[in-house]
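Produce the entire structure from the sequences given, and follow the hints as far as they go.
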Amino acid sequence: MSIADKEIPSTQLFDLIKQGLEGMDEKEKKDNMKKVNGIFEMRVKNSKGKEGIYTIDLKKEGKVYQGNAKPKADVTISLADDTFQALADNKINGQKAFMSGKLKVKGNIMLATKLDQVLKNAQSNKWLFELEVHARMKQCLFLNPLL
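Here the sequence shown is numbered in the UniProt record's numbering, starting from 1 and rising by one per residue.
These are computed hints drawn from the structure, not numbers from a lab. Just so you know, even glycine gets a beta-carbon here, dropped at the ideal spot from N, CA and C. Please note that a few of the clues may not be correct.
Computed cross-link-like contacts, DSS-like style, restricted to lysine-lysine with a CA-CA straight-line distance of at most 25 Å [what the hints assert, rightly or not]:
hint	residue 1	residue 2
1	K104	K48
2	K96	K29
3	K114	K30
4	K45	K114
5	K29	K114
6	K70	K50
7	K104	K114
8	K60	K114
9	K104	K63
10	K70	K30
11	K29	K45
12	K48	K114
13	K114	K91
14	K6	K48
15	K72	K91
16	K104	K50
17	K60	K106
18	K45	K91
19	K48	K63
Simulated DEER-style distance windows between Cβ atoms [as the list claims (entries may be wrong)]:
hint	residue 1	residue 2	range
20	Y65	D31	18 to 26 Å
21	D25	K91	27 to 35 Å
22	S47	K27	40 to 48 Å
Shown next, in the form of C-alpha cells:
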C-alpha cells in the first residue's frame, strides 16, 4: 500500500525506501539499522505549502510510515519537495542543502548526515530502481493520459 501523497511527488521515495526495507531479510535489515541507528521524521512541503510528514525508523522497528515519529524522532528534517527529490537524485547533497538553507534540521544533526546514505542505499538497489521507473511512468500517464 502506497504511503505517498500525490500532491507531493517526491514522497514516492518513501514508498521505495519502505519497499526496500520490507524486501530485506532480517539480518540485512538489522545490519542497516545498526549502521544508521536513528529515527528520522521528514517534513516535506510542496510549492503550495502542503506538508507531508513521514517517519523512517531505522532504530526500533525498521520501517517507514506516514505520520509523526513514534517514539520521538532523533532528528526532524524539513525541506521542500524539489529539494528532497534533488537529494534522492544526487543533484545536491545534504550538507550543501543544509548550508544553503534548503534543509532544516532539528535534533541530532550528526544523524541527519546519514540521510544521504539511506537515499543512496535505496538508489543502489536495482529492484527499487525498477519500482521507481514504474512509478514515474504511472505519474507521466496520470499527468498526460494521451501518451
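Numbered hints the structure breaks, given as an ascending list: Violated hints (numbers, rising): 2, 11, 12, 15 and 19; every other hint is consistent with the structure.
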